[in-house]
Every structure is written in C-alpha cells, then in structure tokens.
Amino acid sequence: MDVTAIIFLTSGLVLGWSLGANDGANVFGTAVGSRMLRFGTATAIGAIFVVLGAVVSGAGATEGLTELGAVNKLAGAFTVALAAAVTVAGMSRIGMPVSTTQAIVGGIVGWNFFSGERTDVATLLTIVSTWVAGPVLGAIFAIVLYRLTALVTRVVRLHLLWVDHLTRLGLVLAGALGAYSLGANNVANVMGVFAPTTPLPTVTVAGVTIPALQQLFLLGGLAMAVGLFYSRRVMLTVGRGLMPVNPIGAWVVVVAHSLVLLMFSSRQLESWLLAAGLPGIPLVPVSSTQAVVGAVIGVGLARGFKSARQIRVRLLAGIAIGWVVTPLIAALLCFFMLFFMQNVFGQDVHQAAPTSASF
Amino acid sequence: MKLSPFGQTRALTSQIDEFLDQVSESGLVLAQAYERYVEQGVDDSSEQRLQQLIDLEARADQLRRSIQTTMYSEMLIPESRGDVLGLLHELDDLVDRFKASFLTITIEKPEIPVELREDFKSLVESMGQAVDHTVRAARAYFRNYREVRDLVHKVSYFESESDRIAIRLRKAIFASKLPIERKRELREGVLRIERMANAAEDVGDRLTICAIKRSL
Chain A
1187 MDVTAIIFLT SGLVLGWSLG ANDGANVFGT AVGSRMLRFG TATAIGAIFV
1237 VLGAVVSGAG ATEGLTELGA VNKLAGAFTV ALAAAVTVAG MSRIGMPVST
1287 TQAIVGGIVG WNFFSGERTD VATLLTIVST WVAGPVLGAI FAIVLYRLTA
1337 LVTRVVRLHL LWVDHLTRLG LVLAGALGAY SLGANNVANV MGVFAPTTPL
1387 PTVTVAGVTI PALQQLFLLG GLAMAVGLFY SRRVMLTVGR GLMPVNPIGA
1437 WVVVVAHSLV LLMFSSRQLE SWLLAAGLPG IPLVPVSSTQ AVVGAVIGVG
1487 LARGFKSARQ IRVRLLAGIA IGWVVTPLIA ALLCFFMLFF MQNVFGQDVH
1537 QAAPTSASF
Chain B
38 MKLSPFGQTR ALTSQIDEFL DQVSESGLVL AQAYERYVEQ GVDDSSEQRL
88 QQLIDLEARA DQLRRSIQTT MYSEMLIPES RGDVLGLLHE LDDLVDRFKA
138 SFLTITIEKP EIPVELREDF KSLVESMGQA VDHTVRAARA YFRNYREVRD
188 LVHKVSYFES ESDRIAIRLR KAIFASKLPI ERKRELREGV LRIERMANAA
238 EDVGDRLTIC AIKRSL
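Protein chains in written order, with our numbering: chain A, 1187 to 1545; chain B, 38 to 253.
Keep in mind the hints are simulated off the structure, nothing from the lab.
Just so you know, even glycine gets a beta-carbon here, dropped at the ideal spot from N, CA and C.
Honestly, I wouldn't trust all of these hints.
To give a feel for the contact side, a few chain A residues facing chain B, derived at Cβ under 10 Å [what the hints assert, rightly or not]:
(1) T1190
(2) S1220
(3) R1224
(4) R1343
(5) R1354
(6) Q1537
Selected chain A positions facing chain B (in silico; Cβ < 7 Å) [what the hints assert, rightly or not]:
(7) R1221
(8) L1346
(9) H1351
(10) N1432
(11) P1433
Take these sequences, add in the hints, and give me the full structure.
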C-alpha cells in the first residue's frame, strides 16, 4: 500500500476528530452540562460505542452519500474531506454552530462542479430534506418521550433519589445508543468520500476477513473516538447553551437524537418499512447537531409555554444561518482547493470514468 | 460518575426517611411533654421527655451530616441538591428549637395558671399539627411533589391557628392580676411555642418553592 494513500486519508481522520470533538457534545452535552455524568465517564462510553456504530452499521449512510457524488480519485477525496474539515474548523473558530454533514455535502457538490460530474439532484434534495426532517423528527420524538416519561413518573411516584439514579442509568444507556448511532450515521461524513477509492487492502486476521470498507470505518470511528476526548468545552456549551434542560430532559434529548440518527442509518428499518409497503427512509448522513437542537426545542415545547419561551431565539437564528452558510462555504472552498491540488500539486483529483478502486 | 449500585440509593432513601421520622417524633414528644407540663409541672416524666428530645436531636444531626456527605461525594441530584440539603437543614433547626424550648421549661419551670391551661394546650396542639403537616409535606416532596401544596396549606392553617391562640393567651395573661415578672415569663413561653409554629411555616414555604422547581 502506497504511503501517499495513507497521507491522503489524514484529512478524513482530521474530519473524524473534529466531528467527535463537536458532535460528541450532542450525545453527552446535556448529561455533562446538567452534571449528571462526569466528562471522563461520558467520553469513555462514547468512544467505545462510536467505534462499534461506525464498524457495524456505517455502510448504510455511506451508500446514500456516495449516490450524491462518487469521488473517484483519492486526491479528490482527500481534498473534499479537507475542505469540509477546514470549513468546520473555521466556523467553529468564529463561534458559528456547524454541521459536518452539511460541510461534506457541500464539499462533494464542489467536487461535482469541478470535475464536471452530474450532481444527482434527487439525492441532493433527499439529503437537504433530511436537514429539515432531522430537527423536526428530533422535536417530535422529544415531545412524545417527554410526555411519556412525565406520565410514568406521575403514576409510579418514585422517590427523588430513585428518579436521579434511574436518570443516570438512562443517560449512560442513551449515551451509548447515541454514540453508536453517531458512529453508524456520521462515519459516512468522515470516510464516505474515500469509499469508492479506498486505498486499504482486504486483510484476513485469524481466519476473519476484514473488507477494506470496514477498515475505513474502523479508522473513522477511532478518529471520532479520539475527538470525543476534546469535546469538554463544547459539551458544556451544548448542555447549557440553547435552553436550560433538567436531567430528565437531558435523557429525552439524547434518546430523541439517537432515534433520528438510527432512522437514517438502519438498513433493517428500511427493509421493514419497504416490506410493509411503506415509503423507505433515505439512508443518508444527517446532522447530529440539528437532531439535538430539534430535540431540545421539543423538550421546551413539551414542558409548556413557560419553558418554551426560555429558548434563546437569537442562538437558534445563529444555528439556522450556519446551516445555510456551511454547505456554500464548503462547496466553494472545495472547488478552489481542487483547483490548487490539480494545478499546483499536480494531483489527479478526478477521472472521467467512475471506478471502484484507483490503487 | 460512579454508577452507584441500587443498595446505595436504597440506603440513602432510608436515611432520609429516618431523618424525617426523627423530626416527626420530636414534634410528637414535644407536644406530649408540653401537655403534661401544663397539667403537672416539671416531674420525672419531663426529664425523660427532655432526654428523648436530646437523643432525637443528636440522631437527626448525625443523619443530616451523613446524607449531606453522601450527596456531595457521589454528586447526587445535582439539580435539587441545594434544595434538599437546605430543607434538611431547616428541619434539623426545628428539632434543635424543640429541644432548646423544652430545656428552658425544665430549667425555669414557669407555673401556668389554671385558667390559661386549656389555651396553652390548644396552642401546643396547633403547633404540633403544623410540625406534623410540615414533615408530611417534606415526605411528599421526595415521593409525590404534587401533594406538597395541599399539605403546606394545612401547615399555614395551623400556624395561623397558633397565632390566633397566642394572641388570645397574651391578652389573657396581661389582663390577669399576676405580677408583672410572671406575666413576662408566661408571655415568653407563649412566644416560644408560637415561634416553633412560625418556623414550621417557613419550612413549608421553602417546600412550596422546591416543589415548583421540581415540576418545571
């Protein structure tokens, strides 16, 4: 295997690290922010499950992303991931909320423009529609879960300390589920662009064959896991930023967020829906941040008007602007970076005929 | 975070229940002690009741400290920890007042005129009811905070009743032909009991706020 190939993967790894550092907060931010879980416990659980999610269920959303544009040269994939990573880092630095999903989608569209490849408008529209559906579903799940939880606590009449104990347990389980779904859905953002040109060979260890794609997902998952350990500040911002959330609200937010991410990554769910004659759910990477924002608003609405008016509208508006600006910046940046990559560094960033492997 | 085993939560729940038992029992012992004192004056039984109050107060103190340490060291109920510990502190203060009040009685031994005894007993009973409903409201806060409001309303009712009886008693004391130093001594006794009912109401007010915070 070429060393250059490994170097090219670094942009994906940086993107994975950045995703872990930013979006890990979506999984555990409310729990750590409300002081129900310690940062160390949260990240340890998150690291294990994000890797598991990426390796076991990462393929579904990756296929969806590849349909948008199969970046068919490794140097091109490197540039797309780098443009997304720079966009995410830049937006984070100026304090704008940012979605890695939108950055990578913008990057792929930028590559399509540069290479003259057709952007599959239907897939693009599907992905863009999930940017609306993600937060809306997050809010709906949160409202239903919050109401159900409130009903159960009213009927069961648990002692305050038992509520605390079970909420902590629930946050650990929900966090594990959240980290798994983050790995399953968002590894596509990190390693999806490398899937058509993966430089890794298939290896067999102790009679078990590990396909190249699986190794890519493992690397992506590990990068995300490392990123989680750098997410303390963002966790505290997410936990206390948008709206004050109590520990039960924190649990609801994490579960609602995880359900949204799982919906858009689960092949099983898609096949069940299709078998039942229902429309399938597109398997595409969705923004974890959007799902969490939707869920936090859902909790606010479920708690009634008095709570809903505590939602910081200005912060919400900032998030919305970030969602529009991110893909545009990533697309433009990717276009110019591809130009430099091709004309200054002499790298092939695309080839006319699509191929499954360049190396 | 330490994922505390179920045993730890169970133990802490029992400690809180036991603490509330101590407060409740102190209120009952004090009411009985006062009732007997009004009838019989200070006797062996008064000393026994005083000792009971001292023991109950010591145990309540010990439990409150233990609960406080566990809550902080295990980072339990971060949202309500301040409220819970503040509540336990005020209830503990109430038990301290019970002991101090009856200790003063056993030392000073003020004699209660026969014509004032019924009102004294009513005052003690109202104070006892206010304390009893305060402890019930505190239990409700932990298990079913929606009941807190009703119970605190009853605390306020018995506190108002105590105020009413106390005013009547003070008027009767100063309308009597007792020497001025005895009048002042009896007035102090009335005020001491009334202050305990007021303290119970203060705990009730705190509980109302705590319950509202839990409901948000």
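Hint check:
1. Of the supplied interface hints, the one on T1190 of chain A is violated, with its beta-carbon coming no nearer than about 44 Å to a beta-carbon of chain B, more than 10 Å.
2. For the restraint placing S1220 of chain A at the interface with chain B, the shortest Cβ-Cβ distance is roughly 7 Å, inside the 10 Å limit, so the hint holds.
3. Satisfaction of the interface hint for R1224 of chain A is found here, the shortest Cβ-Cβ separation to chain B being roughly 4 Å, below the 10 Å cut-off.
4. Nearest Cβ of chain B to the Cβ of R1343 of chain A: about 5 Å, under the 10 Å cut. The hint holds.
5. A cut of 10 Å between beta carbons decides the hint on R1354 of chain A: the least distance to chain B is about 7 Å, and the hint holds.
6. With 10 Å as the threshold, the beta carbon of Q1537 of chain A stays out of range of chain B, its nearest partner Cβ sitting at about 52 Å, so the hint is violated.
7. Against a cut-off of 7 Å between C-beta atoms, the interface hint on R1221 of chain A holds, since the closest Cβ of chain B lies about 4 Å away.
8. The interface hint given for L1346 of chain A is met, as the beta carbon of that residue sits about 5 Å from the closest beta carbon of chain B, less than 7 Å.
9. Taking 7 Å as the C-beta contact cut-off toward chain B, the hint placing H1351 of chain A at the interface holds, the least distance being around 4 Å.
10. Because the smallest distance between the Cβ of N1432 of chain A and any Cβ of chain B comes to about 6 Å, under 7 Å, the interface hint for this residue holds.
11. For P1433 of chain A, the interface hint holds, since its Cβ comes within 7 Å of a Cβ in chain B; the closest pair sits about 6 Å apart.
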